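Visitor: Can you build the whole structure from these sequences, using the hints too?
As they're listed, the protein sequences go chains A and B.
Each residue of the first sequence is one higher than the last, beginning at 133 in the working numbering.
Each residue of the second sequence is one higher than the last, beginning at 133 in the working numbering.
It is worth saying that the hints were derived from the structure and are not from the lab.
Just so you know, these numbers come straight off a predicted model, no measurement behind them.
Even glycine gets a Cβ: it sits at the ideal position worked out from N, Cα and C.
Do not rely on the hints blindly, as some may be mistaken.
[Unchecked claim] Stretch-level coverage of chain B by chain A, calculated; a stretch enters the list once three of its residues show a Cβ under 8 Å from a Cβ in chain A:
(1) 171–182
(2) 372–384
[Unchecked claim] Just so you have them, the derived chain A footprint on chain B, three or more residues with Cβ under 8 Å:
(3) 158–166
(4) 185–191
(5) 208–218
(6) 344–357
Number of protein chains: 2
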Amino acid sequence: MQQSIHGGDLYKTANSVGIRKEDILDFSANINPLGLSQQLKEALIAHIDDIINYPDLECNELRDELSKYTGIPKEAIIAGNGASEMLYLLFDVLRPGKTLIPAPCFSEYAKAAENYGSEICYYELKEEDNFRLSIPHFLQHITDGIDAVLICNPNNPTSTLIDKKELLELIEYTRKRNIYIIIDEAFIELTIGGNQNSVADYLKQYQNLFVIRALTKILAIPGLRLGYVLGDSCIIKRMWKNKIPWSVNSFACNIGKVLTENVGYFEATTAWLAAEKEWLYNELIKISKLKVFKPDTNFILMKIVNMDMNSASLKVLMISKGILIRDASNFKFLNDKFVRVAIKDRKSNSRLVEALRVVLNNAES
Amino acid sequence: MQQSIHGGDLYKTANSVGIRKEDILDFSANINPLGLSQQLKEALIAHIDDIINYPDLECNELRDELSKYTGIPKEAIIAGNGASEMLYLLFDVLRPGKTLIPAPCFSEYAKAAENYGSEICYYELKEEDNFRLSIPHFLQHITDGIDAVLICNPNNPTSTLIDKKELLELIEYTRKRNIYIIIDEAFIELTIGGNQNSVADYLKQYQNLFVIRALTKILAIPGLRLGYVLGDSCIIKRMWKNKIPWSVNSFACNIGKVLTENVGYFEATTAWLAAEKEWLYNELIKISKLKVFKPDTNFILMKIVNMDMNSASLKVLMISKGILIRDASNFKFLNDKFVRVAIKDRKSNSRLVEALRVVLNNAES
Numbered sequence: 133m134q135q136s137i138h139g140g141d142l143y144k145t146a147n148s149v150g151i152r153k154e155d156i157l158d159f160s161a162n163i164n165p166l167g168l169s170q171q172l173k174e175a176l177i178a179h180i181d182d183i184i185n186y187p188d189l190e191c192n193e194l195r196d197e198l199s200k201y202t203g204i205p206k207e208a209i210i211a212g213n214g215a216s217e218m219l220y221l222l223f224d225v226l227r228p229g230k231t232l233i234p235a236p237c238f239s240e241y242a243k244a245a246e247n248y249g250s251e252i253c254y255y256e257l258k259e260e261d262n263f264r265l266s267i268p269h270f271l272q273h274i275t276d277g278i279d280a281v282l283i284c285n286p287n288n289p290t291s292t293l294i295d296k297k298e299l300l301e302l303i304e305y306t307r308k309r310n311i312y313i314i315i316d317e318a319f320i321e322l323t324i325g326g327n328q329n330s331v332a333d334y335l336k337q338y339q340n341l342f343v344i345r346a347l348t349k350i351l352a353i354p355g356l357r358l359g360y361v362l363g364d365s366c367i368i369k370r371m372w373k374n375k376i377p378w379s380v381n382s383f384a385c386n387i388g389k390v391l392t393e394n395v396g397y398f399e400a401t402t403a404w405l406a407a408e409k410e411w412l413y414n415e416l417i418k419i420s421k422l423k424v425f426k427p428d429t430n431f432i433l434m435k436i437v438n439m440d441m442n443s444a445s446l447k448v449l450m451i452s453k454g455i456l457i458r459d460a461s462n463f464k465f466l467n468d469k470f471v472r473v474a475i476k477d478r479k480s481n482s483r484l485v486e487a488l489r490v491v492l493n494n495a496e497s
Numbered sequence: 133m134q135q136s137i138h139g140g141d142l143y144k145t146a147n148s149v150g151i152r153k154e155d156i157l158d159f160s161a162n163i164n165p166l167g168l169s170q171q172l173k174e175a176l177i178a179h180i181d182d183i184i185n186y187p188d189l190e191c192n193e194l195r196d197e198l199s200k201y202t203g204i205p206k207e208a209i210i211a212g213n214g215a216s217e218m219l220y221l222l223f224d225v226l227r228p229g230k231t232l233i234p235a236p237c238f239s240e241y242a243k244a245a246e247n248y249g250s251e252i253c254y255y256e257l258k259e260e261d262n263f264r265l266s267i268p269h270f271l272q273h274i275t276d277g278i279d280a281v282l283i284c285n286p287n288n289p290t291s292t293l294i295d296k297k298e299l300l301e302l303i304e305y306t307r308k309r310n311i312y313i314i315i316d317e318a319f320i321e322l323t324i325g326g327n328q329n330s331v332a333d334y335l336k337q338y339q340n341l342f343v344i345r346a347l348t349k350i351l352a353i354p355g356l357r358l359g360y361v362l363g364d365s366c367i368i369k370r371m372w373k374n375k376i377p378w379s380v381n382s383f384a385c386n387i388g389k390v391l392t393e394n395v396g397y398f399e400a401t402t403a404w405l406a407a408e409k410e411w412l413y414n415e416l417i418k419i420s421k422l423k424v425f426k427p428d429t430n431f432i433l434m435k436i437v438n439m440d441m442n443s444a445s446l447k448v449l450m451i452s453k454g455i456l457i458r459d460a461s462n463f464k465f466l467n468d469k470f471v472r473v474a475i476k477d478r479k480s481n482s483r484l485v486e487a488l489r490v491v492l493n494n495a496e497s
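Guide: Listed below in structure tokens is the structure:
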């Protein structure tokens, strides 16, 4: 059985402590706390009878909406079963011999690349740089033999966003060397500035650029399974050819309009993020046992300092308070002092801060 | 863009003739015409808020129900995004060098096998045998070098069911020669006798046997995406390891109970099938321009005879009557005289028969 190493694994946790999963406050999954929009919910229910038909193999209506939303032509868009399927399929088609990945990062990248025979080279993001990627320094590591570079922007678990101009330098650098550059923008809508931070508008100029997107985080729909890739239409065509048919279910095929029509939800998200990101960060830095890395998106990486407790113990103690946090020790280059928490609504965030304070101070005495 | 070669492609058809897809009577997809059961619909709506959480990676609750339904232990069950994902994943893990497949059959088999480097050998089912597989004759074709045999039972598009005792001979024969045998039972519940025709109860004795199942047809949920494989738990474990995470969406994770609790729906299905399979077959054989192959499951293969019309033309003429049938000419070993129709409710079946009669007779004159 596959061992879960991802956030949001409520099921196991709930089972392990005998609490109903509904009673656990989940800070381990980085999902928009505004939850399901009413419009999305209504769209799902309105289309429930569609499941008696096979989903549209080519996701035409969905891609029409994604095209409006991203400004990218439909033929340069493929949709799939979450960003996960898209990632695997992209490696299946590109088949880079050697892939360079800054880390710590989402562990699925290496798994997908290695699944298609790619060798992985990691570039270590350093704690002393607050895990921020320095593009000039990174460029020096793009040596001969590298066929693809994969960047998560903003990056998970470090919550760091790369300056768009610097990212353009990197894209230009890889283009000149015929290197693919894959940017995972799963959290891009959950940054201050949102889609303006995306490099999607460079796609026309750069055939070596691929942008992976998901609706999981921004629309709070990890259970629905919907991701997409933007990129060169010839490669996209090959991805369609290799894709398992009907992997996007009928429900997911029908929610495109929410992206372009549900303006209120996106505005409310922006307002929430601007307020809570600062608030939670400022509260957490008051806890002396935590080193808190300044977040650029809707989650925060932290390190337990000045005490013996490790991340696994902190996780267990927090579960006993009904709060699930992400033990981040299994991310490449992190250790058993790191944890990650999502940013949620004020009430939940307050509960998190209070519980951390109690747990860390009690352990002290 | 992937070209659709499967039944049920309502979207393209509706577009091509300018009819709303709701107004087309779809005989191309072999789905239980009883449609969504009320209990299933209620379960889907009740769990709608679950999509804000990641689905259970291991589909535990679903597999508990599948275990009750099939009598197979949970650790010998993997669930995935339709039978398609299961098929690909099984070939990914088994990696047979050479796979023997009776055909005509579902085209995805060869695609999945070849995707993982397997060579395909076809065994031709002959029209003069009414496309029925003769096991003694087939055994002679399981020559040295064959690593896997893949059988669809009942078979698509021929609607033929293999006698269970004969199938056991084949399974025994392959076991002795260390050959994997994969049986796709996507339509097994839609045969007279239903699950009693399944070879799932042989799984304990035969480690070389794998059974692919889907809930698509029996529960009329092709849009939901849910399939599963029953087989040796070591292989199943490796399939979990290779599987793209979360490919079973939250909705699909939550419908297991319908299988074990919605007895009324299954009884009604049995009654419908027993009545309509005979009725439609007996009506169709009255049309002199059609050679009709006797069906064992919920669809019927037919051949246009005694006239020049081909399957593509018949399809177009039927669409003009608001009825979509399956042009079966692209199935291996069939030609442009073959079409396939689903068996639906009496009212729809009558419309089909009447339209076929009119279209075929008009062409005559």
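Visitor: Could you run down the list of hints and mark each one as holding or not?
Guide: Do the hints match the structure? See the list:
1. 171–182: holds (count 6)
2. 372–384: holds (count 12)
3. 158–166: holds (count 3)
4. 185–191: holds (count 6)
5. 208–218: Per the Cβ count (4), the hint holds.
6. 344–357: Our answer is that it holds, as 6 residues pass the Cβ test (under 8 Å) against chain A, meeting three.
Checked against the numbered hints above, the structure breaks none of them.
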